[in-house]
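Engineer: One letter stands for each residue in the lines below.
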Amino acid sequence: MARAVTPRRKAVNTAISWAIGLLIFFPIIWVFVLSFKAEGDAIKAPLEVLSSPWTLESYSIVQERSDYFKHFWNSVILSVGSTFLGLLVAVPAAWAMAFVPGKRTKDVLMWMLSTKMLPAVGVLYPIYLLFIQLGLLDSRLGLVVVLMLINLPIIIWMLYTYFREIPGEILEAARMDGATLRSEILYILTPMAVPGIASTLLLNIILAWNEAFWTLNLTAANAAPLTAFIASYSSPEGLFYAKLSAASVMAIAPILIMGWFSQKQLVRGLTFGAVK
Amino acid sequence: MKLKSLLLGATVLAGAAFGVNAETLTIATVNNGDMIRMQGLTDDFTTKTGHTVEWVTLEENVLRQRVTTDISTKGGAFDIMTIGMYETPIWGKNGWLVPLNDLSAEYNVDDILPAMRGGLSVDGTLYAAPFYGESSMIMYRTDLMEKAGLQMPEAPTWEFIRKAAAAMTDRDNEINGICLRGKAGWGEGGAFITAMSNSFGARWFDEEWNAQFDTKPWADTLNFFVGMMNESGPAGFATNGFNENLSLFQQGKCGMWIDATVAASFVTNPNDSTVADKVGFALAPDNGLGKRSNWLWAWALAIPAGSQKIDAAKQFIEWATSNGYIELVASKEGWANVPPGARISLYENPNYKDVPFAKMTLDSILSADPNNPTVDPVPYVGVQFAAIPEFAGIATEVSQEFSAVYAGQQTVEEALAKAQALTNDAMEAAGYK
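Quick note, the sequences are listed as chains G and X, same order. When you read off a place in the first sequence, starting at 1, and then add 333, the result is the number in our numbering. When you read off a place in the second sequence, starting at 1, and then add 24, the result is the number in our numbering.
I should point out that these hints are in silico values taken from the structure, not numbers from a laboratory. This one's a predicted model, so the numbers in the text were calculated from it and none came from an experiment. Treat the hints with care, as some may be off.
[Claimed, not checked] So, partial list: chain X residues that the calculated Cβ filter (under 8 Å) puts toward chain G:
#, residue
1, Val-80
2, Thr-93
3, Gly-99
4, Gln-175
[What the hints assert, rightly or not] Straight line, CA to CA, 25 Å or less: simulated DSS-like cross-link-like pairs of lysine-lysine:
#, chain 1, residue 1, chain 2, residue 2
5, G, Lys-449, G, Lys-436
6, X, Lys-117, X, Lys-187
7, X, Lys-72, X, Lys-377
8, X, Lys-302, X, Lys-377
9, X, Lys-277, G, Lys-377
10, G, Lys-377, X, Lys-302
Ideal Cβ positions, reconstructed from N, Cα and C, are used throughout, including at glycine.
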């Protein structure tokens, strides 16, 4: 029998949830506030910051100094491109592991996950040298491949988990009706796993959008995305907090808006199969 | 704006018509006021030469990692790199940089301050041209010093600074007598404590590359620093670097601040600083041993050996580090904003003599000697660093041990013992011993 929730208890739970939510979101709110302050006001005590005049000065300077749209466009290509390329590889791989598991499938899955624990800097030089040899340095193509590879274990794991929730009998029935492997994956499995694929897609776009190590180390002027745009406003010798905040808001705004509109999809996908 | 674009276009077209190869240079640089100003003035270079420029601006530590990867693999991602006095001698020696020994007579290489030229050369060959140079000095609040009944000498001792810091401290009004770097990192707290240790007679290595943290001068340095900061420094100074102290000083919460000379233009700027009209300057302190506690640094422009556009890159370097560029900045933004510390003639210029911190900056730069940085002889070059490839890694670890002392997590003796052991281990592994 469900336990009755008193209005008082509900109000307390709501207040606690809001407080935790605000606490987690506070750094982003503060960055947003600082982005509308003059550089001299941004370093003041919090209450003084709030009472100081609001201005669009930092946005104007950032816009004048940097080519925001070039970086934005690079971010879009890198995150969307690497995610779609990853899905192309991961869907058949996850299908094989979920429906035709071998003796070593679990070991392979664990090995893939373990590659995420490898410090990226450990393979920086080999990859950098490969990029020089292949002429991929500072190219979007090279970065799409690298971002796809570093997120591939997560994509495969997520899809594998979703595919495992789909009864194998349905695929078996399709096969008995004469479906080829391609038709089985394209017309039976994929439509059934749409919520899972959608949340995998969204999560990996966010991960690729925020990736900073490879995007900073393998780019120069042409393929640099918004992570490089933000890095250009950070300085250990000079207080540029307002400009850095404005650049940060401009960099995270697109992905924040996308996350806001797709939050139901994301949550549904991430909790898919969690409660039976 | 339209006229400017037309002129620019006409120049590029004219250049093409006369057979000049217009190149696009990719330049990696740091994010600070002088470098950003240079980016804004690049049109002048394009107008004069036809070459265009693409900037890659990164935070200092990210830039260092990025350009090190590129130059050591001959990646060729950049045509010009902004590097410092630490990297230049090491990379020059490795053959990773293009020598700048054929700059034009008009450029007048002899006008570069000798300390800067020496620190950016290997065996007399210049490998990077200084864009601006800096040392460190004392910036202090004249009103608080007066209130404390003291007068700052032009060249004070550490004992005077400790006494003045205690006298200026007013905890009730959130005023700390002195603000200094305690943050871990070889370029943050590590740079400060190394420069300070020079004035206490300490050194990183003896002439056989043995670590010297087990000597009395190092114990004296750390004990003095910790004692003074606990008496008169801000709470949590173990995590304060340049920016944190700049913020405190600009808000009127520091009586004194010893740091980079480049900070003088920030603390005297009335738009950002609440104490802009109450700042005085003095040389970094000493202990009467013949060495002051100021450092020497330059941000310089160098051409990596992998660049395919060496001629155009040299043209850019000549433009950006010339007297003509200094005059261009002065005409647009005033003499207080020109890049300091690189050229002798700047300090002979009557217009620049009116800038309040100009003389003290020059005196500080001239009092630092990277070839003889310590009281006792050392096998390395560099004031706040030793110009060997292993130093950055070792000094970062050592400064982490020191920061743990500032945070009260271990004693001075424990930190020095650990520093001694880890430095000797690293030097042995690197084949110095």
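Engineer: Now look at each hint and say whether the structure bears it out.
Structural biologist: How the hints compare with the structure:
1. Taking 8 Å as the C-beta contact cut-off toward chain G, the hint placing Val-80(X) at the interface holds, the least distance being around 5 Å.
2. Checking Thr-93(X) against chain G: minimum C-beta separation of about 6 Å stays under 8 Å; hint holds.
3. Because the smallest distance between the Cβ of Gly-99(X) and any Cβ of chain G comes to about 5 Å, under 8 Å, the interface hint for this residue holds.
4. The closest approach between the C-beta of Gln-175(X) and any C-beta of chain G is roughly 30 Å, which is over the 8 Å cut-off, so the hint fails.
5. Taking the CA atoms of Lys-449(G) and Lys-436(G), the gap is near 23 Å; set against the 25 Å cutoff, the hint holds.
6. About 45 Å separates the Cα atoms of Lys-117(X) and Lys-187(X), which puts this hinted pair outside 25 Å; it is violated.
7. Between Lys-72(X) and Lys-377(X) the alpha-carbon distance is near 30 Å, which puts this suggested pair outside the 25 Å criterion.
8. Simply put, Lys-302(X) and Lys-377(X) have alpha-carbon atoms about 19 Å apart, close enough for the 25 Å limit, and the pair holds.
9. Using a Cα cut-off of 25 Å, the hinted pair Lys-277(X) and Lys-377(G) holds, with the two alpha carbons roughly 11 Å apart.
10. Distance hint between Lys-377(G) and Lys-302(X) is fulfilled; the C-alpha atoms sit about 19 Å from each other, no more than 25 Å.
In this structure, the hints that do not hold are numbers 4, 6, 7, in rising order.
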